[in-house]
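Colleague: Below are the chains, spelled out letter by letter.
Number of protein chains: 2
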Amino acid sequence: MSGSIAGKVAIIGAGITKFGELFEQSYNDLVVEAAFEAYEDAGVSGDDVEAAWLGTYLPLGWGFDGTGGPSLAEALNLYPKPVSRVANYCTTGMEAVRMAAMAVASGMHDVVLAVGAEKMREVPPRGSLVAQHVEKLHPMYSKGRTAPGSFAVLARRYFEEFGADKEDLAEVAVKNHYHGSLNNRAHFRKEITKEQVLKAPPVTEPLGLYDCCPTTDGAAAVVLCRADLAESRFDKKDYVLIDGMGLSCATGYITTAFNPKFSFIGFEATQEAARQAYEQAGVTNPREEIDVAEVHDCFTITEILNYEDLGFVEKGEGPGFVKSGASRLGGELPVNTSGGLKSCGHPIGATGARVVADLTNQLLGRCGERQVKGAKRALGHTLGGPGAVSSVFVLSRN
Amino acid sequence: MSGSIAGKVAIIGAGITKFGELFEQSYNDLVVEAAFEAYEDAGVSGDDVEAAWLGTYLPLGWGFDGTGGPSLAEALNLYPKPVSRVANYCTTGMEAVRMAAMAVASGMHDVVLAVGAEKMREVPPRGSLVAQHVEKLHPMYSKGRTAPGSFAVLARRYFEEFGADKEDLAEVAVKNHYHGSLNNRAHFRKEITKEQVLKAPPVTEPLGLYDCCPTTDGAAAVVLCRADLAESRFDKKDYVLIDGMGLSCATGYITTAFNPKFSFIGFEATQEAARQAYEQAGVTNPREEIDVAEVHDCFTITEILNYEDLGFVEKGEGPGFVKSGASRLGGELPVNTSGGLKSCGHPIGATGARVVADLTNQLLGRCGERQVKGAKRALGHTLGGPGAVSSVFVLSRN
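Those protein sequence lines, which keep their order, are chains A and B.
At position 195 of the first sequence (counting the first as 1) the number is 195 in the numbering used here, and the numbers step up by one without a gap.
At position 140 of the second sequence (counting the first as 1) the number is 140 in the numbering used here, and the numbers step up by one without a gap.
Just so you know, the hints here were simulated from the structure itself, not pulled from any lab data.
Heads up, a few of these hints could be off.
Now the in silico label distances, taken between C-beta atoms and shown as ranges [claimed, not checked]:
#1 A:Asn285 to B:Asp29: 44 to 50 angstroms
#2 B:Lys315 to A:Asp238: 48 to 54 angstroms
#3 B:Thr284 to A:Glu288: 55 to 61 angstroms
#4 A:Glu40 to B:Gly7: 36 to 42 angstroms
#5 A:Arg156 to B:Asp29: 45 to 51 angstroms
#6 B:Thr215 to A:Glu122: 25 to 31 angstroms
#7 B:Ser45 to A:Ser232: 52 to 58 angstroms
#8 A:Phe36 to B:Glu160: 51 to 57 angstroms
#9 A:Leu209 to B:Gly7: 54 to 60 angstroms
#10 A:Asp228 to B:Ser324: 46 to 52 angstroms
#11 B:Asn184 to A:Asn285: 56 to 62 angstroms
#12 A:Thr215 to B:Gly331: 52 to 58 angstroms
#13 B:Asn184 to A:Phe36: 31 to 37 angstroms
Small disclaimer: the values here were computed from a predicted structure and weren't measured.
Every residue gets a Cβ at the ideal spot worked out from N, C-alpha and C, and that includes glycine.
With the hints as constraints, model all of the structure from the sequences given.
Modeller: Quick look at the structure:
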């Protein structure tokens, strides 16, 4: 029977680079910046780190950065320690944290590092030989089903089922751009209006430019240790505990041809990953028990589906939830106070680590203007292509 | 301080496909065959498996098989369970087992699956757009330093330092081809003579055709469970315990420009991974305490270096070790009784899982003609490019 590592692992340091189009920083520069911020925050040096996990999804253009553990070992001079790489679509950064946490809970290591990093602006997305190859061979792209195209189908179906419309989606974009304006690490830091969203150029109807997250460069890192060492060894009065970590692979939009069950109004992967994490963490009423959440808003429709799949509200109630201000800063359950993928951008391997690092900052009260006051329990969520993999973390302040 | 999971995790099932040029089997076919053999061996069904790890290093030609956990989840219908992917050069398959084992030791799961798979013969190595791109951009290939070219430098240096020659390398090829002739899963099942090795076409002097392992398609899988459940839940009288798992990233041949310390007569990654695994397992005299070993013979010179790096013999004594017959079936420490990478081939993501599965079969006395009688303790080793990452497992019969 699946169990839990609840209470065994502490997060004692977090680091997040500025996200953006960072031509002036190499992949290694980003990794070093994120990791050293996390080291400094934790009060550790590289010497304290016993092992590390790297999350990078697609080493772009086969530049070879992030192909394996040696990329991280070289950037941080972690030789000759164990350094591994994980890759699991858009959950990749969270997977690095999950593996690192299980290593600590297993008794193999006391202090470990997890880093997520991706550099997506270097190679023109449509220009490289690799991209051309991908477009020819990829089971979705070769049929024109890009990510926006696939999520647009869910938006259409959702509109049909629940009478929602583009104005509901715009609420998510406006909220997350507002949050992003308060986050100095976000790619985009400008507020937008509902009118701007609705008048923006269409990408795939009904999704317009402001319904889509950008592609971005960035990295994030966390330092984990055995929970019982956080205070005794590292003198931490305040730290974060991992209460639950769920992961689920479920059929998604790419496999719908083989899965007539796929509803197009939600993701079973999110529902199941949340179920696992809630069970481990003892969460029974997420809307009441979670104080702040970062969820996977790759598109505005996705955030609405997430509210429902994560159990914050019932199916069909997502649009009302965002419209009411419940998920805005100051609301009952602020969601994506970082600006989310919408404003931070989505460097694939970095995102999950950024979510965990950002929630660590929230739980420790370090988010300034965008701080959720008194936040004690946080939820982090990522959802990966092909619609089929999701990871959910539940974190709490010690 | 780094610890150990010794004694916490059991291997209760192993599966290995026929390795070879398998155009008639898809990636999924290979994964299914290996996993179902492991299920049957363990006496479990997919329903018993709580989570799984996939090791695939380079989804070739971006065919997208093995890009993330969903590849394995789909092939085995593991929905909606947690399925992750790891990639760490030639240690990839062993990394899948290592992550799976830590998950069990952490208390997160009782029964898990680890699969390694790679399909390398589908896309002509030099033909694909991706391969062209790699050759242009790869920091080694772009300078003509292919894998054989890099290991040839080590062979030359070793010859210079210790007075060895091509005849010493040939001893490894002859031995491993003999072992491979006894293994019905090996890619090549023919014995060769020393004369054939020495007369074979040169690849990169001093390495000839028979000094190099082939590229191959294949998959392997193991089922792991909490050690205390092996007998009580699965009624196993005989099973295998994981005593030690080491991983090390160290500077290797690719980074020698930045690492004047690199000796070219051994790999620090192997030495350090072995040190970790021996410490965890309580091994102090590997030559005495290990009964059978599978080591990374990507090239014949590598096996000789491995003997020394793993502490079977002192530096410079590798050629004498193989020449004496010590590492041949019937010798004091048979090495690569499967035929090794030389005869089995080297489907990158599969190899590490194949090594663990093969040693499981040895420890359980199921290797027929190539059985090492009374083998109680086994060592598995992989060494990954860029010369910088190595994994070592120590296993024992319960």
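Colleague: Can you list which hints this structure breaks, lowest number first?
Modeller: 5, 7, 8 and 13
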